[in-house]
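A.B. asks: Sequence:
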Amino acid sequence: MKTDIEIAQAAEIWPISKVASQVGLTPAELEPYGYDKAKVVLDPAKADQAKLGKLILVTSINPTMAGEGKSTVTVGLADAMNQLAAKTMVALREPSMGPVMGMKGGATGGGMAQVVPMADINLHFTGDFHALTSAHNTLAALIDNSLQQGNPLNIDPRRIIWKRALDVNDRALRHIMIGLGGPTSGVPREDGFDITVASELMAILTLSHDLMDLKARIKRIVVAYNYDRQPVTVDNLGVAGALTVMLKDAIKPNLVQTLEHTPVLIHGGPFANIAQGTNSIKATKTALQLADYVVTEAGFGADLGGEKFLDFKVPLLGKTPDTIVIVATVRALKLNGGANKDQLKVEDLAALQAGLANLGQHLKSMQRYGVPVLVAVNRFTEDTDAELQLLTEYVSTKQTTAYPVTVWADGGAGAKNLAQAVIDSSQQVSDFQPLYDFSEPALDKLNKIVRDIYGGLGVELSSKAEKQLKTFAKFGWDRLPIIMAKTQYSLSDDPKLLGAPHDFKIHVREFVPKLGAGFLVAMTGTILTMPGLPKHPAAMDMDIDAEGKISGLS
Numbered sequence: 025m026k027t028d029i030e031i032a033q034a035a036e037i038w039p040i041s042k043v044a045s046q047v048g049l050t051p052a053e054l055e056p057y058g059y060d061k062a063k064v065v066l067d068p069a070k071a072d073q074a075k076l077g078k079l080i081l082v083t084s085i086n087p088t089m090a091g092e093g094k095s096t097v098t099v100g101l102a103d104a105m106n107q108l109a110a111k112t113m114v115a116l117r118e119p120s121m122g123p124v125m126g127m128k129g130g131a132t133g134g135g136m137a138q139v140v141p142m143a144d145i146n147l148h149f150t151g152d153f154h155a156l157t158s159a160h161n162t163l164a165a166l167i168d169n170s171l172q173q174g175n176p177l178n179i180d181p182r183r184i185i186w187k188r189a190l191d192v193n194d195r196a197l198r199h200i201m202i203g204l205g206g207p208t209s210g211v212p213r214e215d216g217f218d219i220t221v222a223s224e225l226m227a228i229l230t231l232s233h234d235l236m237d238l239k240a241r242i243k244r245i246v247v248a249y250n251y252d253r254q255p256v257t258v259d260n261l262g263v264a265g266a267l268t269v270m271l272k273d274a275i276k277p278n279l280v281q282t283l284e285h286t287p288v289l290i291h292g293g294p295f296a297n298i299a300q301g302t303n304s305i306k307a308t309k310t311a312l313q314l315a316d317y318v319v320t321e322a323g324f325g326a327d328l329g330g331e332k333f334l335d336f337k338v339p340l341l342g343k344t345p346d347t348i349v350i351v352a353t354v355r356a357l358k359l360n361g362g363a364n365k366d367q368l369k370v371e372d373l374a375a376l377q378a379g380l381a382n383l384g385q386h387l388k389s390m391q392r393y394g395v396p397v398l399v400a401v402n403r404f405t406e407d408t409d410a411e412l413q414l415l416t417e418y419v420s421t422k423q424t425t426a427y428p429v430t431v432w433a434d435g436g437a438g439a440k441n442l443a444q445a446v447i448d449s450s451q452q453v454s455d456f457q458p459l460y461d462f463s464e465p466a467l468d469k470l471n472k473i474v475r476d477i478y479g480g481l482g483v484e485l486s487s488k489a490e491k492q493l494k495t496f497a498k499f500g501w502d503r504l505p506i507i508m509a510k511t512q513y514s515l516s517d518d519p520k521l522l523g524a525p526h527d528f529k530i531h532v533r534e535f536v537p538k539l540g541a542g543f544l545v546a547m548t549g550t551i552l553t554m555p556g557l558p559k560h561p562a563a564m565d566m567d568i569d570a571e572g573k574i575s576g577l578s
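Mind the numbering: the sequence shown is residues 25 to 578 in the working numbering, read in order.
What the hints contain is simulated information worked out from the structure, not anything from laboratory work.
Even glycine gets a Cβ: it sits at the ideal position worked out from N, Cα and C.
Some hints here could point you the wrong way.
To be verified - Computed beta-carbon distance windows for the label pairs:
1. Ala34 to Arg182: 52 to 58 Å
2. Ser578 to Lys520: 23 to 29 Å
3. Arg182 to Ser575: 47 to 53 Å
4. Pro176 to Glu30: 37 to 43 Å
5. Asp67 to Leu521: 37 to 43 Å
6. Asp67 to Glu490: 33 to 39 Å
7. Ser578 to Lys42: 46 to 52 Å
8. Ser209 to Lys559: 53 to 59 Å
9. Thr495 to Ile202: 21 to 27 Å
10. Arg213 to Pro51: 46 to 52 Å
Said to hold, decoys possible - With a straight-line cut-off of 20 Å between C-alpha atoms, the simulated DMTMM-like cross-links for lysine to aspartate or glutamate are:
11. Lys365 to Asp518
12. Lys388 to Asp455
13. Lys111 to Asp252
14. Lys272 to Glu53
15. Lys488 to Glu284
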């Protein structure tokens with residue numbers, strides 16, 4: 025059996041101009057990056073006149089080490105819809121090289137349902153992440169230079185909140201000391217690194233409508249507090265223009281294709297467990313202006329990426345989903361039901377029955393938004409008929425339908441039933457109801473997320489978090505939308521608490537204000553903004569031969 029990268033390397037890849045022509049993009053609207061990828065700059069007149077297509081949001085149950093294949097289903101579903109003559113595009117996030125070299129792998133789908141050029145997308149792609157990393161660290165350097173050059177903004181070095189960033193899983197950089205070496209080497213202070221996808225600049229890039237919106241958001245970034253405990257912004261430093269210059273190309277969406285030549289816009293990559301977890305508004309909006317249907321995904325489970333897409337991205341995008349698809353697998357549900365990870369190929373109806381509650385909670389939380397919800401069962405060869413029957417019968421009791429798909433093996437042909445159901449459901453008139461209003465107090469928003477989305481009792485704030493909210497109220501920040509930084513593996517903040525736990529509270533240890541992005545990050549449990557590498561990183565399995573052929577990348 026071929027690996028994902030072997031399938032991708034053997035694929036027929038169309039010139040990017042041919043892919044673009046399928047959705048009416050002209051050569052003048054493309055900035056080619058070689059043969060098979062390009063930046064898209066949509067003609068403003070065309071964008072203004074375009075009628076927005078239907079939006080399909082793909083999310084999932086809580087991820088497990090067994091894998092759910094959410095990106096694979098997203099790609100396969102779009103291919104299937106095009107096979108049914110529904111003009112469809114895909115909008116995805118860019119992969120971070122940290123997880124690619126670590127444990128998670130890439131984010132281009134798999135098997136016969138993937139995006140190409142797979143290796144390029146998973147590695148350096150068009151340089152967006154490098155531009156973000158450089159801009160982020162340039163700002164860090166400018167802050168320290170302001171300290172060195174007489175500290176005209178009266179910045180308190182102990183209260184600088186802008187860390188440095190790197191697109192690498194490097195736990196050794198979480199906490200560091202800088203400025204050592206004497207007076208010419210800067211002011212000594214504690215610092216640290218976040219992974220680039222946790223950076224506020226990444227969030228801002230994905231939320232900006234255009235270059236001027238990007239600059240305005242960058243100006244609002246709070247980087248530190250002065251000795252009077254007042255916030256210091258990028259605008260105070262006077263460097264927003266320079267940072268925007270560094271991101272002038274990164275703001276443009278990237279066009280690639282699936283194995284079946286469905287056009288795909290891949291742009292931006294914030295993690296859903298520590299940021300908002302969705303691709304850029306600019307890419308999603310562009311796809312909606314070009315196609316009749318756009319299939320997009322939100323990171324990790326419906327409790328993280330799904331909720332953030334619906335409560336934070338939708339109001340900014342100005343378009344609600346017409347259908348939500350929740351991806352589930354038999355083996356992941358069995359893990360949620362207590363099955364041993366080494367016994368997932370063995371039929372276990374009892375574990376599956378117990379694990380179905382996890383899917384049930386996600387169905388309940390997504391259905392409350394007033395949008396049609398369907399279930400895609402990403403089928404594996406070891407799934408038995410009895411297990412699939414149990415799963416589909418359970419879903420039928422939740423006022424919806426489950427559709428087994430085999431897109432990894434069969435591409436779009438393996439999801440035609442799901443595709444037809446998505447097309448049909450997207451014609452329904454929905455009554456979208458957000459979970460909260462932006463003007464509500466932070467604590468009210470937090471409790472609604474925990475109770476309605478996670479199925480818990482509410483939140484508990486640390487003394488630090490309580491003090492922060494009181495301080496934020498003085499600046500008017502306490503009414504900002506909430507982005508939960510929480511483990512992806514559980515509905516709770518304990519990654520070992522699987523299934524559908526009840527009677528739990530989410531513990532918020534601190535808040536991180538991100539004024540440029542326009543939200544407060546609630547840090548829960550032991551979640552970290554700089555991941556580490558596992559005992560056996562994926563990097564150890566990668567290689568390249570004399571002809572430049574890559575192996576081991578997934």
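A.B. asks: Does the Cβ-Cβ separation between Arg182 and Ser575 fall within 47 to 53 Å?
C.D. replies: The hinted range 47 to 53 Å holds for Arg182 and Ser575, with Cβ atoms some 48 Å apart.
A.B. asks: Checking one constraint from the list: CA of Lys488 to CA of Glu284, max 20 Å. Satisfied?
C.D. replies: Outside the cut-off at roughly 52 Å; violated.
A.B. asks: If you check the beta carbons of Pro176 and Glu30, does the distance land in 37 to 43 Å?
C.D. replies: violated (58 Å)
A.B. asks: Starting from the range 53 to 59 Å, see whether the pair Ser209 and Lys559 falls in it by beta-carbon distance.
C.D. replies: At 36 Å between Cβs, range violated.
A.B. asks: Indicate whether the distance between the beta carbons of Ser578 and Lys42 respects the range 46 to 52 Å.
C.D. replies: violated (28 Å)
A.B. asks: Is the straight-line distance between the alpha-carbon of Lys272 and that of Glu53 20 Å or less?
C.D. replies: The given pair, whose Cα atoms are some 16 Å apart, holds under the 20 Å limit.
A.B. asks: Does Asp455 lie within 20 Å of Lys388 when you go C-alpha to C-alpha?
C.D. replies: Since the Cα atoms of Lys388 and Asp455 sit roughly 16 Å apart, the hinted pair holds (cutoff 20 Å).
A.B. asks: Verify the CB-CB distance for Asp67 and Leu521 against the hinted window 37 to 43 Å.
C.D. replies: Violated, since Asp67 and Leu521 (Cβ atoms, about 50 Å apart) do not stay within the stated range.
A.B. asks: Quick one: are Ser578 and Lys520 within 23 to 29 Å, going by C-beta?
C.D. replies: holds (26 Å)
A.B. asks: If you draw a straight line from the CA of Lys111 to the CA of Asp252, is it 20 Å or shorter?
C.D. replies: violated (57 Å)
A.B. asks: Please verify whether Lys365 and Asp518 have alpha carbons no more than 20 Å apart.
C.D. replies: holds (19 Å)
A.B. asks: Taking 52 to 58 Å as the hint, is the beta-carbon distance of Ala34 and Arg182 inside that range?
C.D. replies: 56 Å Cβ-Cβ, so the 52 to 58 Å window holds.
Hint compliance for this structure: hints 4, 5, 6, 7, 8, 13, 15 are broken, all remaining hints hold.
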